[in-house]
Amino acid sequence: MTVTIPAMSGVSIAEIVTLVSGRYNGPADRVIRGVATLKDATEDHLSFLGNQSYVPQVASSRAAAILVPNELDADDPRFIRVAKPHAALADVLDRWFNTRKIPRGISPLASIASSAKIGANVAVGAFSSIGENVVIGDDTLIYPNVSVYDGTQIGRRCIFHSGVVIGSDGYGFVTIGGKHRKIPQVGIVRIEDDVEIGSNSSIDRAVLGETVIGEGTKIDNLVQIGHNVRVGKHCLIVSQVGIAGSTELGDHVVIAGQAGVAGHLKIGNGAQIGGAAAVFHDVPDGVKVMGSPALPFREYARRDVAIKRLAKKRD
Amino acid sequence: MTVTIPAMSGVSIAEIVTLVSGRYNGPADRVIRGVATLKDATEDHLSFLGNQSYVPQVASSRAAAILVPNELDADDPRFIRVAKPHAALADVLDRWFNTRKIPRGISPLASIASSAKIGANVAVGAFSSIGENVVIGDDTLIYPNVSVYDGTQIGRRCIFHSGVVIGSDGYGFVTIGGKHRKIPQVGIVRIEDDVEIGSNSSIDRAVLGETVIGEGTKIDNLVQIGHNVRVGKHCLIVSQVGIAGSTELGDHVVIAGQAGVAGHLKIGNGAQIGGAAAVFHDVPDGVKVMGSPALPFREYARRDVAIKRLAKKRD
Amino acid sequence: MTVTIPAMSGVSIAEIVTLVSGRYNGPADRVIRGVATLKDATEDHLSFLGNQSYVPQVASSRAAAILVPNELDADDPRFIRVAKPHAALADVLDRWFNTRKIPRGISPLASIASSAKIGANVAVGAFSSIGENVVIGDDTLIYPNVSVYDGTQIGRRCIFHSGVVIGSDGYGFVTIGGKHRKIPQVGIVRIEDDVEIGSNSSIDRAVLGETVIGEGTKIDNLVQIGHNVRVGKHCLIVSQVGIAGSTELGDHVVIAGQAGVAGHLKIGNGAQIGGAAAVFHDVPDGVKVMGSPALPFREYARRDVAIKRLAKKRD
Numbered sequence: 003m004t005v006t007i008p009a010m011s012g013v014s015i016a017e018i019v020t021l022v023s024g025r026y027n028g029p030a031d032r033v034i035r036g037v038a039t040l041k042d043a044t045e046d047h048l049s050f051l052g053n054q055s056y057v058p059q060v061a062s063s064r065a066a067a068i069l070v071p072n073e074l075d076a077d078d079p080r081f082i083r084v085a086k087p088h089a090a091l092a093d094v095l096d097r098w099f100n101t102r103k104i105p106r107g108i109s110p111l112a113s114i115a116s117s118a119k120i121g122a123n124v125a126v127g128a129f130s131s132i133g134e135n136v137v138i139g140d141d142t143l144i145y146p147n148v149s150v151y152d153g154t155q156i157g158r159r160c161i162f163h164s165g166v167v168i169g170s171d172g173y174g175f176v177t178i179g180g181k182h183r184k185i186p187q188v189g190i191v192r193i194e195d196d197v198e199i200g201s202n203s204s205i206d207r208a209v210l211g212e213t214v215i216g217e218g219t220k221i222d223n224l225v226q227i228g229h230n231v232r233v234g235k236h237c238l239i240v241s242q243v244g245i246a247g248s249t250e251l252g253d254h255v256v257i258a259g260q261a262g263v264a265g266h267l268k269i270g271n272g273a274q275i276g277g278a279a280a281v282f283h284d285v286p287d288g289v290k291v292m293g294s295p296a297l298p299f300r301e302y303a304r305r306d307v308a309i310k311r312l313a314k315k316r317d
Numbered sequence: 003m004t005v006t007i008p009a010m011s012g013v014s015i016a017e018i019v020t021l022v023s024g025r026y027n028g029p030a031d032r033v034i035r036g037v038a039t040l041k042d043a044t045e046d047h048l049s050f051l052g053n054q055s056y057v058p059q060v061a062s063s064r065a066a067a068i069l070v071p072n073e074l075d076a077d078d079p080r081f082i083r084v085a086k087p088h089a090a091l092a093d094v095l096d097r098w099f100n101t102r103k104i105p106r107g108i109s110p111l112a113s114i115a116s117s118a119k120i121g122a123n124v125a126v127g128a129f130s131s132i133g134e135n136v137v138i139g140d141d142t143l144i145y146p147n148v149s150v151y152d153g154t155q156i157g158r159r160c161i162f163h164s165g166v167v168i169g170s171d172g173y174g175f176v177t178i179g180g181k182h183r184k185i186p187q188v189g190i191v192r193i194e195d196d197v198e199i200g201s202n203s204s205i206d207r208a209v210l211g212e213t214v215i216g217e218g219t220k221i222d223n224l225v226q227i228g229h230n231v232r233v234g235k236h237c238l239i240v241s242q243v244g245i246a247g248s249t250e251l252g253d254h255v256v257i258a259g260q261a262g263v264a265g266h267l268k269i270g271n272g273a274q275i276g277g278a279a280a281v282f283h284d285v286p287d288g289v290k291v292m293g294s295p296a297l298p299f300r301e302y303a304r305r306d307v308a309i310k311r312l313a314k315k316r317d
Numbered sequence: 003m004t005v006t007i008p009a010m011s012g013v014s015i016a017e018i019v020t021l022v023s024g025r026y027n028g029p030a031d032r033v034i035r036g037v038a039t040l041k042d043a044t045e046d047h048l049s050f051l052g053n054q055s056y057v058p059q060v061a062s063s064r065a066a067a068i069l070v071p072n073e074l075d076a077d078d079p080r081f082i083r084v085a086k087p088h089a090a091l092a093d094v095l096d097r098w099f100n101t102r103k104i105p106r107g108i109s110p111l112a113s114i115a116s117s118a119k120i121g122a123n124v125a126v127g128a129f130s131s132i133g134e135n136v137v138i139g140d141d142t143l144i145y146p147n148v149s150v151y152d153g154t155q156i157g158r159r160c161i162f163h164s165g166v167v168i169g170s171d172g173y174g175f176v177t178i179g180g181k182h183r184k185i186p187q188v189g190i191v192r193i194e195d196d197v198e199i200g201s202n203s204s205i206d207r208a209v210l211g212e213t214v215i216g217e218g219t220k221i222d223n224l225v226q227i228g229h230n231v232r233v234g235k236h237c238l239i240v241s242q243v244g245i246a247g248s249t250e251l252g253d254h255v256v257i258a259g260q261a262g263v264a265g266h267l268k269i270g271n272g273a274q275i276g277g278a279a280a281v282f283h284d285v286p287d288g289v290k291v292m293g294s295p296a297l298p299f300r301e302y303a304r305r306d307v308a309i310k311r312l313a314k315k316r317d
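Protein chains in written order, with the working numbering: chain A, 3 to 317; chain B, 3 to 317; chain C, 3 to 317.
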């Protein structure tokens, strides 16, 4: 499977090089008719080197041209050298090769509360439900089967994938005589501009006040964000991560897949949490933690080496 | 964002103190117009101290009155002392400040099988699907985009959030000659009274007989309950927990976020399983386990200290 | 709760023994009216021994007949000995006791794009959304509230449970000046024949090319499959597993519940990944790994023993 352009005429390598401001010394008039991975590419395809581990695939790839990072220590007449191959790839796909048909406008099969305020150029897919007093900013795209509870505030240019639930009740109970009484969750969720949320992710409303997802943050699939969590701007939260109630993330935080963060913690600006880590303590600005329970990277590595040696010694 | 009461008139602190049976020595006729966290509260707000870690926020809070636990070792004329601040908060919110608009009645956009038996005062949201022979007890609230498969039995006063799936097939296959043959899942799910299930959680039907969620149990978001699991009464199962097939939980079990419990196990009454724990063995009544693989708390702590010392020694 | 047959007449043990090619020495004309677990069975029920840990329940079970493995080292006139009790159970359920009402045909409450190509005898439940240019093979069953994005290719005899999302955008961003720019995800998802996907699982479309789920693979609930992942044939992927982008699985791979596999890895044919494992490296053919981080089983066990001894010594 490869992506082919709508017009059969194709686009020349010269045009691509100009768009991405690349350095290229090969034949510039060759015509590109699709974009593919190194493995899948054929003679009329553009490809890209997105990760050093794929360097061995370059030689055998049939691609006509390959976007590579400026600093790549190898040579090939097919290379188009750029600062960031992924950014160049995005440029090329957006300009010529993105022919996907995504939802446009408000589907007649969506349910929109009469009190909701919907911005300009908003798309809401079939079977999506927009509750009372919801506000949605301009150019936001909501795929089918999304549930937005009452009172949610959504910024501009957001993307919510199918199965997303925004504003469901936080997990708040008080136990009296062995029974769990529900604490009404009367706060809301506020999502700032340019946030993307992956399929089947859940973001709970606050017990009081707001659960907040900051501007430009990207959330992957099946992620849990608890009530009163505050996520900063431009964070990356990868699939199946869970963040428990009232925890606050700074800006530019990265949390890798399946990691969990306990409640009432502070995760500093630029902190990085490794895949499958279990975080039970605050993480200062810029610190990287790993493991379960999560430890600063050096301490994690030190313990790992110590256990490895211990197990060896006992043989 | 704060919660404001519908009538602008507000409610006096005296009325609040009476409702929650609190002890209070400050000015009783002051009018409260909303409830907010310590940080967000302004001069006409009630706030509460839900967790000792927030004590440092009391001094700087602008709240007019604060619900605090009787035993709090500090003093402030704004304190309303009560046995359980969260319970008092719930009382106040339920009485005066819960203005949310939740679904009422059966949405004309829901799909209800003709053989389903729906109790009195049941709400079913848009795009929720209720399968054949489902029974739903009185006063149960089903949000939009919930899927209830055929044969499911649901008690009274339950709450199911958006994206919940009840009664999907258990993961049952028998491998013959390298291929996996499906074992028909002909049992059902039975959910007792007063169960709440968070958004995007899945509860599989039994292969034979029943998967059971006991009375008063509260399940958070993105939780997986396998086929033939039996969860006891008044359990707390936090977000992203997974419980594999045929495992039985006693009553009052607490399982913290992202923990997993293997299949065919018995988890005793009042057992507690820590966050991100991976449980591969039975847990006796009242025992607390942690870690991956999960160990009784003392053993877990002993190993943790041993590894820490070992890593230090090697420096 | 037990399963009862539609006709009240029942089926004789002799008929069951013939169907499953079993060995049986008890009274053959006795009539069976339902199938139940050992614990739940009454005198007119067939039961089965699916797991050695249930042997103690045989003596007290009231079942009239019990499917057991040929090699079981015990005797009882009620035993019907077969090679695989689960397979025999499936045979009996399919033949006489599966009375469930599952969706048939295309629901008038589903949304099917006009460009979608739907095979013969396909079922699509209420509130399921089938995007543009989707292809669905014959005899595939899609439950309510499933979202299939544009361009997805689905084989024959597949089963997708409620809440499944196929073809949502992969998590692809390039960070420029601290902001995350979206890389268009222009590839598709291709699902081969006989694949079952559990409720609330997400399978992302490829950035370029295909995300592939191989023939006969069975995926449980709440599973995440990242963009450009290639899953081989006849794999078992248990609940809440996450597989990050571009990772390739061979055939007959088994991944137990809540395990995670990092991106760009190769997992060999017949590899086995333990529950809650966190895999950060390639796994060769046939190798079994466990733990977080995941290690080959022997190394995992060696470290576990070493830590246990160390902790004991320090007491």
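Worth flagging that the hints you see were computed from the coordinates, not collected in a lab. Treat the hints with care, as some may be off.
Any copy, or any two copies together, can satisfy a pair, since identical chains are not distinguished.
[As the list claims (entries may be wrong)] When the alpha-carbon atoms are kept at most 25 Å apart in a straight line, the in silico SDA-like pairs for lysine to any residue are as follows:
| # | residue 1 | residue 2 |
| --- | --- | --- |
| 1 | Lys86 | Asn72 |
| 2 | Lys181 | Leu21 |
| 3 | Lys314 | Val289 |
| 4 | Lys184 | Pro71 |
| 5 | Lys290 | Arg300 |
| 6 | Lys86 | Asn27 |
| 7 | Lys41 | Gly28 |
| 8 | Lys315 | Pro79 |
| 9 | Lys181 | Gly288 |
| 10 | Lys310 | Gly179 |
| 11 | Lys41 | Ala16 |
| 12 | Lys103 | Asp152 |
| 13 | Lys86 | Tyr26 |
| 14 | Lys314 | Arg304 |
| 15 | Lys310 | Pro295 |
| 16 | Lys86 | Asp253 |
Since we're looking at a predicted model, the values are computed, not measured.
With 25 Å as the alpha-carbon cut-off, assign the pair Lys314 and Arg304 to within, between, both or neither.
both (16 Å within a copy, 8 Å between copies)
### Task
Could you place Lys290 and Arg300 in one of the four classes (within, between, both, neither) given a Cα distance threshold of 25 Å?
Answer is within: at 9 Å inside a copy they meet the 25 Å cutoff, but 28 Å across does not.
inquiry  = For Lys86 and Asn27, with the copy left unspecified, which applies at a CA distance of at most 25 Å: within, between, both, or neither?
reply    = within (18 Å within a copy, 65 Å between copies)
(message) I want to check one pair: Lys184 and Pro71. Are their C-alpha atoms no more than 25 Å apart within a copy, between two copies, both, or neither?
(response) Classified as between: cross-chain Cα gap 19 Å, same-chain 55 Å, threshold 25 Å.
Between Lys315 and Pro79, at a C-alpha cutoff of 25 Å, which is it: within one copy, between copies, both, or neither?
Neither: 52 Å inside a copy, 54 Å across copies.
For Lys310 and Gly179, with the copy left unspecified, which applies at a CA distance of at most 25 Å: within, between, both, or neither? Neither. Shortest intra-copy (48 Å) and inter-copy (39 Å) distances fail the 25 Å Cα cut-off.
For Lys86 and Tyr26, with the copy left unspecified, which applies at a CA distance of at most 25 Å: within, between, both, or neither? within (15 Å within a copy, 63 Å between copies)
key: Identical-chain pair category, Lys310 with Pro295, by Cα at 25 Å   = both (18 Å within a copy, 12 Å between copies)
One pair to classify: Lys103 and Asp152, alpha carbons no more than 25 Å apart. Within, between, both, or neither?
between (29 Å within a copy, 7 Å between copies)
Item to complete: At 25 Å max between alpha carbons, let me know whether Lys41 reaches Gly28 within a copy, between copies, both or neither.
Response: Cα proximity of Lys41 and Gly28: one copy only (21 Å, versus 62 Å across).
- Checking Lys181 and Leu21: alpha-carbon separation at most 25 Å within a copy, between copies, both or neither? This pair counts as between: shortest inter-copy Cα distance 20 Å, intra-copy 64 Å.
Fill in: Lys181 and Gly288: within-copy, between-copy, both or neither at 25 Å Cα
Between copies, since 17 Å is at most 25 Å while 42 Å is not.
Figure legend: structure checked against the earlier numbered hints; hints not met, in rising order: 8, 10.
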